[in-house]
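Going down the list, the protein sequences come from chains A and B. Sequential numbering of the first sequence, starting at 358, is according to this note's numbering. Sequential numbering of the second sequence, starting at 5, is according to this note's numbering.
For the record, the hints were derived by calculation from the structure and aren't laboratory data. Given the structure is predicted, the values throughout are model-derived calculations rather than measurements. Heads up, none of these hints are tricks.
Pairs of lysine-lysine, BS3-like flavour, derived with a Cα cap of 25 Å:
#1 K128(B) with K407(A)
#2 K405(A) with K479(A)
#3 K416(A) with K128(B)
#4 K416(A) with K405(A)
#5 K477(A) with K416(A)
#6 K477(A) with K405(A)
#7 K364(A) with K458(A)
#8 K405(A) with K128(B)
Facing chain A, according to a computed beta carbon distance under 10 Å, are these residues of chain B, among others:
#9 P65
#10 N67
#11 L68
#12 M74
#13 L126
Okay, the calculated beta carbon distance ranges per label pair:
#14 G443(A) with R86(B): 43 to 51 Å
#15 S104(B) with E432(A): 34 to 42 Å
#16 M106(B) with V366(A): 41 to 49 Å
#17 E108(B) with D461(A): 21 to 29 Å
#18 R84(B) with K405(A): 22 to 30 Å
Note that beta-carbon positions come from the ideal geometry of N, C-alpha and C, so glycine has one too.
Here is how the chains run, residue by residue.
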Amino acid sequence: MDICRRKSVIEISELDPFLAELLRQIPASANPDGAPAAEQRIFSPPIKGKATEFCAEWKMYVEPELRRLFQSATETVATDLEQLNGNEKSLANRTLRIPAKHSDAWLSALNQARIVIAAKNKFTENELNDHCHSPIGSRRDLSLFQVNFYGFLQEFILRELRS
Amino acid sequence: MSCGPRRDGACLAQIKEVEEITHVSNEKAGTITTAEPTIEKETQSEEELDLPWQVVVHNDPVNLMSYVTMVFQRVFGYPRERAERHMLEVHHNGRSILWSGMRERAELYVQQLHGYLLLATLEKAG
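When you get a sec, could you build the whole thing from the sequences and use the hints?
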């Protein structure tokens, strides 16, 4: 896999079917539905301790806005990922072109996905910081790899935004 | 913010004026005199009134350090060095106070930080 910036496009080329599939899973992975821990993390309380009235107002007025914001980012990413539609064979050596103006949506969707996966798997800080993890041998290993892969993409996009 | 202004007893100076007007009748003189009104003021302490609200960001093992720095720069307009200092404080101490001031603005900041998926809360200083 190669990743670089070409003018107003971030290009991820020479994608193998495995990484292409991981990319295609971003929108689904970002969805916290059915995972209370993930939902609680994505929509964390605005105040610590007891402030039930304030939290209730927050839930009523702010949370729907946040949901819309997150959904909009995921939809943008899903549209970009349509370039990778096809079967496993056709995914070999594919190139994904992300418009630079979609960078914020990608950062958000990748972050949502990383947070949801980490919450669902209850990854510890040590696990998340272990970038020399042994080969993928379980579903949990795969999820950890996914979190790290998405983190790598985030780092690249952030670097491009800074430059 | 959609929540609109919040009426918080702690934020508002409550000044209660009780005027007691005593009517005293003077039968001999056949006149009615009105005593001076008593004005009773109930205020909260100056310290309470000045108490600002703080925007606190808490440590989160998932968010990337570079991402958190970028968010601090964007939301608060801090220069990179200051944003990094706060990011490192969150990383090492578990939390950092990013801003303090009026409650409504603090709420807006917390909402923006949640929009970037950071763990942020609103706290009363002191």
